[in-house]
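Assemble the whole structure, with the sequences as input and the hints as a guide.
The listed protein sequences derive, respectively, from chains X and E. Using the numbering used here, the first residue of the first sequence is number 1, and each one after it goes up by one. Using the numbering used here, the first residue of the second sequence is number 106, and each one after it goes up by one.
By construction, these hints were calculated from the structure, which means they are not laboratory data. Since the structure is predicted, the reported quantities are computational estimates derived from the model, not experimental observations. Glycine residues also receive a C-beta, built at the ideal position from the N, C-alpha and C atoms. There's no promise every hint is true.
What follows is a list of derived Cβ distance ranges for each label pair [unchecked claim]:
1) E:G120 - X:R97: 36 to 46 Å
2) E:W314 - X:A53: 29 to 39 Å
3) X:A88 - E:G375: 50 to 60 Å
4) E:L369 - X:A94: 44 to 54 Å
5) X:V70 - E:L369: 17 to 27 Å
6) E:T192 - X:A95: 24 to 34 Å
7) E:D130 - X:A95: 22 to 32 Å
8) X:A95 - E:V285: 27 to 37 Å
9) E:P277 - X:A88: 16 to 26 Å
10) E:P351 - X:A88: 44 to 54 Å
11) E:L369 - X:A88: 35 to 45 Å
12) X:A88 - E:A194: 31 to 41 Å
13) E:P351 - X:R97: 42 to 52 Å
14) X:A94 - E:I112: 52 to 62 Å
Okay, the calculated bits of chain X under chain E, using three or more residues with CB under 8 Å as the criterion [claimed, not checked]:
15) 13-27
16) 32-41
17) 48-58
18) 78-88
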Amino acid sequence: MVTGHVYALTGAVLAGLGLFAFITLRHTLRQLLAINVVGAGIFLILGGLGRGADATDPFPQALVITGIVVAVALTAFGAAMIVRLAEARVATKAATRPDGGKPGP
Amino acid sequence: MTGAFDIILCLMILGAAGIALFVRDALAAIAFFIAFGNLLGLAWLGLDAVNVALAEIALGAGVTGVLLILARARLLALGDDATCADTSAWLRAGALAACAGFVLLLAAAVLSIPPESGLDRAVAPLMPGLGIENRVTGVLLAFRAYDTLLESFVLLGALVAVWSLAPAGVWPGRPADLGVADVPMRRVARSFGRFLLPVALVMAAYLVWAGSDVPGGAFQAGTVLAGGLMVSAIGGAIGLPRSDLPGLRVALVLGPLVFLLIGLAGMGFGGFLVYPEGSAKAAILAIEYSLFLSIGATLALLVAGPNVIGWPDPAGGTDRHSDC
Chain X
1 MVTGHVYALT
11 GAVLAGLGLF
21 AFITLRHTLR
31 QLLAINVVGA
41 GIFLILGGLG
51 RGADATDPFP
61 QALVITGIVV
71 AVALTAFGAA
81 MIVRLAEARV
91 ATKAATRPDG
101 GKPGP
Chain E
106 MTGAFDIILC
116 LMILGAAGIA
126 LFVRDALAAI
136 AFFIAFGNLL
146 GLAWLGLDAV
156 NVALAEIALG
166 AGVTGVLLIL
176 ARARLLALGD
186 DATCADTSAW
196 LRAGALAACA
206 GFVLLLAAAV
216 LSIPPESGLD
226 RAVAPLMPGL
236 GIENRVTGVL
246 LAFRAYDTLL
256 ESFVLLGALV
266 AVWSLAPAGV
276 WPGRPADLGV
286 ADVPMRRVAR
296 SFGRFLLPVA
306 LVMAAYLVWA
316 GSDVPGGAFQ
326 AGTVLAGGLM
336 VSAIGGAIGL
346 PRSDLPGLRV
356 ALVLGPLVFL
366 LIGLAGMGFG
376 GFLVYPEGSA
386 KAAILAIEYS
396 LFLSIGATLA
406 LLVAGPNVIG
416 WPDPAGGTDR
426 HSDC
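This is the structure:
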C-alpha cells in the first residue's frame, strides 16, 4: 500500500466518523465540530490521492486551501447562529415564565 | 512502502477525532479538536504539502478552535453547557450501520484510484512564465485564480452574514469585547499582545513575499495577522472597531476589489484574470498583499462575531453616542 492511500483511507474513516457524530450528537455546537471533521476527512482524501511518487499534485493542494478557508467561514457563521439561537431561546423562556409556562427546550 | 510514521500518525489522527467528537465535556472536545487539527497539519507535512499544512494548522486548528471556544463560552453564559443528551440506541445502531457502509464504499472508491501527481508535471513547465516558483501559489493565483477570487468574496460574504445576526437596534455598533475580565491576566495578555502584533505583522508580510517561491501565501499570512489582532484584542491592547468605520470597510474590501480590478484589466491582455506577460509576478504580489490585509481583518472580525447591545467602551462611553 502506498503512502497516498494510507492518508486517503484515513480521510474516508474520518468522513464516516464525522457523519456518525453529526447524526447522533444532539447539540448544534457539537454538530458544527462534526462537520469540520467530515471536511478534514474529505480534504485528506483529495490530498492523499494527489500524492505521487516524488511530489504532491498542486491542484488538490490549492483546492484544499480554498476549502479550509470556506470551512472556517462556514464555522464562523454557524457559531454566530448557534449563539443567536440560544439568546433567542433564553429571551423566550424569560417571557413565558411569569404566566406559568414550562421553561423547556 | 509505507513508513511506520504514516500509520502511527493516521491512528493518532483517528483517535484524536474520536475523542473530539464523543467526549462528554464540550471544552475537552474542542481541545481535542485543536490537537486533531495540529496532527492533521503533520499529515499534510507527511504528504509534502507544506502550504496546506500551514493553512490547516493556522485556520483549521487555530481560528476554528478559537471560534468554537468563544461560542462555547457565550453559550455557557446563557446557561447552555453544550453537553449532549443521549440518543436512542436504535438511532445509534442505524447511524452506525449507515456510516460503516458509507466508509466501506468510500474506501473502495479511494482504493480504486491510484494516487498520482499528474498535474504537477503539467504545471511545472508553466511556472517560469509567471516568474514564481511555488506551484500552489501559481495554481491559486494564476491557473485557477477564478476560484480564489470567488473564495475571497465568500469570506467577505460570511462576515456580512455574521454581522446580519446582530440584534435589532444595535447597528452600527461593535462586536462583543474579547478581553479577559481578570485584571492581572488582562495585563499579561495586553503586554503580550503589544509585543505580538508587530511581530505578527512582519511575519505575515514575510509569508506573503516568501509565498511566491517557497511555502506561504496570502491566506496563511492573513491568518497570522488575524491571530496577532485577536491576541491584542483579548488583552485590550487594541479595541474592536465600529462596524461602520470607513477605514475598516476599505481594509475589508481592498483584497477582493484589487483582485477583481486586476482581473478585469486582464481583459485587455486576452481574457478575464489573464496577467500581462512579464509582469505576472507583480500582479500576483499586488493581489496577495491586498488580499492578506483583507483576510486578516475579516478573520479577526469573524471570530469576534456580530455586534452586541451595550458594549462597554474603554475610551469612555460618551463618544459612542456623539458620533452616531
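Now the hints, each set against the structure:
1. Checked against the hint of 36 to 46 Å, the pair G120 (chain E) and R97 (chain X) passes, with Cβ atoms roughly 44 Å apart.
2. In this structure the hint that W314 (chain E) and A53 (chain X) lie 29 to 39 Å apart at CB holds, the actual value being about 31 Å.
3. Taking the beta carbon of each, A88 (chain X) and G375 (chain E) are about 52 Å apart, inside 50 to 60 Å as hinted.
4. For the pair L369 (chain E) and A94 (chain X), the supplied restraint of 44 to 54 Å holds, since their beta-carbon distance comes to about 52 Å.
5. A C-beta distance of roughly 24 Å is found between V70 (chain X) and L369 (chain E), which places it inside the suggested range of 17 to 27 Å.
6. Look at T192 (chain E) against A95 (chain X): about 30 Å separates their beta carbons, and that is inside 24 to 34 Å.
7. For D130 (chain E) paired with A95 (chain X), a C-beta distance near 31 Å keeps the hint of 22 to 32 Å intact.
8. Between A95 (chain X) and V285 (chain E), the C-beta spacing of about 32 Å keeps the proposed range 27 to 37 Å intact.
9. Remark: the range hint 16 to 26 Å for P277 (chain E) to A88 (chain X) is upheld by a beta-carbon distance near 22 Å.
10. Checked against the hint of 44 to 54 Å, the pair P351 (chain E) and A88 (chain X) fails, with Cβ atoms roughly 32 Å apart.
11. At roughly 42 Å, the beta-carbon separation of L369 (chain E) and A88 (chain X) lies within the given 35 to 45 Å, and the hint holds.
12. At about 32 Å, the CB distance of A88 (chain X) to A194 (chain E) agrees with the hint of 31 to 41 Å.
13. A hinted range of 42 to 52 Å for the beta carbons of P351 (chain E) and R97 (chain X) is consistent with their spacing of about 44 Å.
14. For A94 (chain X) and I112 (chain E), the Cβ-Cβ distance of about 54 Å falls inside the hinted range of 52 to 62 Å, so the restraint holds.
15. Coverage of the segment 13-27 of chain X by chain E holds [criterion: at least 3 residues with CB-CB distance below 8 Å; count 14].
16. Chain E is given as covering the segment 32-41 of chain X, and this holds because 6 residues of the stretch bring a CB closer than 8 Å to a CB of that chain, at least three being needed.
17. Coverage of the segment 48-58 of chain X by chain E holds [criterion: at least 3 residues with CB-CB distance below 8 Å; count 11].
18. With 8 residues bearing a CB less than 8 Å from a CB of chain E, the segment 78-88 of chain X meets the requirement of three and the coverage assertion stands.
The structure is inconsistent with hint 10 alone, although it conforms to all the rest.
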